[in-house]
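Chemist: Add chain X to chain C, keeping to what the hints say.
The listed protein sequences correspond, in order, to chains C and X.
So that you can map any letter, position 53 of the first sequence is 53 in the numbering used here, and since no number is skipped, the others follow by simple counting.
So that you can map any letter, position 96 of the second sequence is 1096 in the numbering used here, and since no number is skipped, the others follow by simple counting.
One or more hints might be untrue.
[Stated by the list, open to error] Rough simulated footprint, nothing fancy, chain C against chain X, three-plus residues with beta-carbon under 8 Å:
1. 1035 to 1049
2. 1073 to 1082
[Claimed, not checked] Among the chain X residues that face chain C by a calculated CB cut under 8 Å, a handful are:
3. A1031
4. S1055
5. I1056
6. L1090
7. H1096
Note that these hints are calculated values from the structure, not bench results.
Positions of the beta carbon are idealized from the N, C-alpha and C atoms, including for glycine.
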Amino acid sequence: GNSVTQMEGPVTLSEEAFLTINCTYTATGYPSLFWYVQYPGEGLQLLLKATKADDKGSNKGFEATYRKETTSFHLEKGSVQVSDSAVYFCALIGGGSNYKLTFGKGTLLTVNP
Amino acid sequence: DTEVTQTPKHLVMGMTNKKSLKCEQHMGHRAMYWYKQKAKKPPELMFVYSYEKLSINESVPSRFSPECPNSSLLNLHLHALQPEDSALYLCASSDHRKSYEQYFGPGTRLTVT
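Okay, chain C solo, but in the shape it has when bound (with noise of 0.2 Å):
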């Protein structure tokens, strides 16, 4: 079946500072990778996605670049922000299943000022 390992974390940063959380899938097939937001309170929030080999997802300063050969779909940001603080969620579908999506566990990011 597919599955999502990302870092857990917590992860704690200071204001400015470079952001990278891994995350590595096993799927079948040619899934379609996301990162998805969750702020305190709040619903998941869909933050970029890549749906092929090479394809790179950004938005609002983040950004993951889907790597079939290392199964891998790694989140970054060159700056955070205090804004930033939130869980981040690495999740896939496909592998069968175009409704079913496998989330990693979340990583906790907290930036300080």
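Modeler: Structure of chain X alone, referenced to chain C:
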């Protein structure tokens, strides 16, 4: 517009009560989902509706009863819940004919006393 709305935002109910959660989207999506999320965990899929028909039931107890009255609305009827059912209930939708990303609502925070 990628908005999914949910009501109520908070709900407290006793174990003998009957209540309903509501979800609405106007994006023309034909797949709608209910998820349950416990603290510090990723969302867990409960139900999937595709074209207003129940497509997936992830072995959810019968005290949770979903309903899809039309393509824009999704309800979750609750009856005889247990304290361990306290969680954040998230609704999501997707246009799985085009792409697979799911858009989430803000959730209903349910407390069972």
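Chemist: Hint by hint, note whether the structure agrees.
Modeler: Going through the hints against the structure:
| no. | hint | verdict |
| --- | --- | --- |
| 1 | 1035 to 1049 | holds (count 6) |
| 2 | 1073 to 1082 | violated (count 0) |
| 3 | A1031 | 6 Å, holds |
| 4 | S1055 | 7 Å, holds |
| 5 | I1056 | 6 Å, holds |
| 6 | L1090 | 5 Å, holds |
| 7 | H1096 | 5 Å, holds |
This entry does not satisfy hint 2, going by the numbered hints stated previously; all others are met.
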